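All chains should be built: construct the whole structure from the sequences, respecting the hints.
For the sequence shown, the UniProt record's numbering gives the first residue as 1, with consecutive numbering after it.
Please keep in mind that the hints were generated in silico from the structure rather than gathered at the bench. There could be a bad hint or two in this list.
[To be verified] DSS-like, lysine-lysine: derived pairs with alpha carbons at most 25 Å apart: (1) Lys339 <-> Lys495; (2) Lys531 <-> Lys440; (3) Lys37 <-> Lys85; (4) Lys85 <-> Lys42; (5) Lys339 <-> Lys391; (6) Lys391 <-> Lys440; (7) Lys391 <-> Lys495.
These numbers come from a predicted model, not from an experiment.
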Amino acid sequence: MTGPTLETERSAPETIAQSRRGRRALAYAEAASAGWKVWLVKIVSLAVIDAAAIFAILLLVQDGQWLVPLLIAVGVIAVNVVYLKPGLLPAKYLTPGIVFLLIFQIFVVLYTIYIAFTNYGSGHNSDKDDAVSALLLQAQTRVPDSPAYPVSILEQNGEFFLLTTDPETGDFVVGGQEQPLEPVDGATATGAPGFTTLDFGQIVANQSAISSLTVPISDDLNDGTLRTTDGSNAYLFTSTLEWDPGADTMTDTATGVVYRDLGTGAFTADDGTQLLPGWVVPVGFDNFVRAFTNPDIRGPFLYVTVWTFAFAVLSVATTFILGLFLAIVFNDPRMRSRKYYRVIMILPYAFPGFLSALVWAGMFNQDFGFINEVLLGGASIPWLQDPFLAKIAILLVNLWLGFPYMFLVTTGALQSIPDDIMEASRVDGASIWQQFRLIKFPLLLVAVAPLLISSFAFNFNNFNLIYMLTGGGPRFTDAPINVGQTDILISMVYKVAFIGGQRDFGLASAFSIIIFLLVATISYIAFRQTKVLEELN
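Rendered as C-alpha cells:
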C-alpha cells in the first residue's frame, strides 16, 4: 500500500489559492495570445471613445450642465475597465448592448417622462435668462434722434462683430451678438488684432447676417443694443420693456403694464396676458389633466383613442382570418404547386410597408387613381377625403400588408399539429368543421396567441401606414390641435409635437405615456389569458 501523494497532502486553502492563481494566469495568457494587433485595435478604439467623451463633457460643463457629464464619465470609465482588465469575457459582449440600451431606450423613456411634467413647447423651450434676453430684443425700437456710431464690420471664426468708438472714453470697442462692447488692445479705427475687417463686397455678400446683428451696449440689456443696416453706421436701439431683476418683473414702458413671474413659465400681467417667449418650468400633472378635462383636447383625444383600438382589433382580426384561411387552403397535400402559390401569397410582405402605403395612396387618388380610373370605370370616389371611406381604405391596405405574416405563422402552426390527432378525430367521426373548431383552432391559438398580441401592439402604433396613406386626414375642422379622422394615437402625438405652429412637447409626451400604459395593460391581460389557454390545453 503506497503512502499519500504530495497532491493529496495539500491543504484545501492552498488548493483554492493555486486554482485562483491558475485562473488569473490563464486569463493573462489568453490576453497575451490575442496578439499585438488586437490590443492595438482595442487601444485605438478606446482612445477614440475617450476623446469623444472628454469633448462632450467639456461642452456640457461649459453649458452649465453637470449630471449628464457625470453619467458620461462614469460610463466611459466602466467601458475602459471592462475592455482593459483581463477576463470579464461576458461583460465584453454585453457592454455594447447595454450602452445602446441605455442611450436609445432608457434615456429616451426617462427624458419623455421628464418632458411630460413640464410646459416644454412653442414659446417655452429655454431657460429664464434666455427668455428675458429674447423679450428685450424683440421689443426693441430705435431711439429717436440717436447719434450714429461709425462702425467697421469684423469677422472671427465665422461670427460677425462691430468695431466702433466709445463716445464717453474715446476707446475703440468691439462687440458681437453674444458679447457686449468692450475695449480691445491694439484696436484701431479700421481693425483689431485677431479679427478680419470686411470690405464692401464682403459686407454686401453677408448683408442679411449683418443686418440681423444686435450688439449689446453693456452687460445690462436695458442699456440697449447697436444695429446697422449699411455696415458703416450703427444706431442705438432700446427695448420698450424694462427688466427689473430685483422685483422679478418686466414693465412695458409704453403702456405701464407690469408683468410678473407667477411660476407659470412666462411673465404674466394682472389680466392674465403673458409675454412670450417664456421658459420651461415643471407643471406637475397639468398635461395629463388637460388631456382628459380640456374639452377642446378631450373630444379629439377620445375619438382618436376609440379609432385606434378599432383599427388595431380589426387589423389583427382581418389579417388573421384571411391568413388562416389561405394557410388551410394551401396546407392540403393534394394541391399541386403549393410552394409556388405560397411564394405568391407572401409577396406583399417582401415590399417595404411605407413604400406600399405610398403606392396605395396614389391608387386611391380621387381624380387620377388606378382604382377609380381603371377598376371603377372613371368614378370619382373620395377614398381618402371621406372619413368613413378613408378608414375602409386603411383597413384594406393593412389587410394587404398584414395577411402574408399571418399566413406564414398559421401555416407553421398548422403543420406542427400531429397528424395522429387529426386521424383519431376522423376515426371518431368528427366532421371537418368539428376538427377545426374543437382541435385545430384551440391548438393553433396556443401557438399564435403571443404573435397576435404582438401584432395588436404593432398595429396600435402603426405610424407608417397612417402617415403615408392618409396623413391622418381628413382633418377635424373644429379641433384646436392638428388631428384628423384617421389619426391613431401615435400619429396624433407626432402632429402635436412636430407639426404646426404650436408645438406642445409636454402634452405629446403625456400622450406617449398614456399610450404606453394602454398597450402594456392590454398586453399583460392578453398574456395572462394566453397562459390560461396553455394550461387548459
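The hints, checked one at a time:
For the hint pairing Lys339 with Lys495, the CA-to-CA distance comes to about 44 Å; that exceeds 25 Å, so the pair is violated. Restraint check: the Cα-Cα separation between Lys531 and Lys440 comes to about 18 Å, which is no more than 25 Å; the hinted pair holds. For the proposed pair Lys37 and Lys85, the alpha carbon gap of about 17 Å is at most 25 Å, so the pair holds. Restraint check for Lys85 and Lys42: satisfied, since their Cα atoms lie roughly 12 Å apart, inside the 25 Å limit.
With a C-alpha separation of about 34 Å, the suggested pairing of Lys339 with Lys391 is violated against the 25 Å cut-off. For the suggested pair Lys391 and Lys440, the alpha carbons sit about 33 Å apart, so the restraint of at most 25 Å is broken. Of the supplied pair hints, the one linking Lys391 and Lys495 holds, its CA atoms being roughly 19 Å apart against a limit of 25 Å.
Figure legend: structure checked against the earlier numbered hints; hints not met, in rising order: 1, 5, 6.
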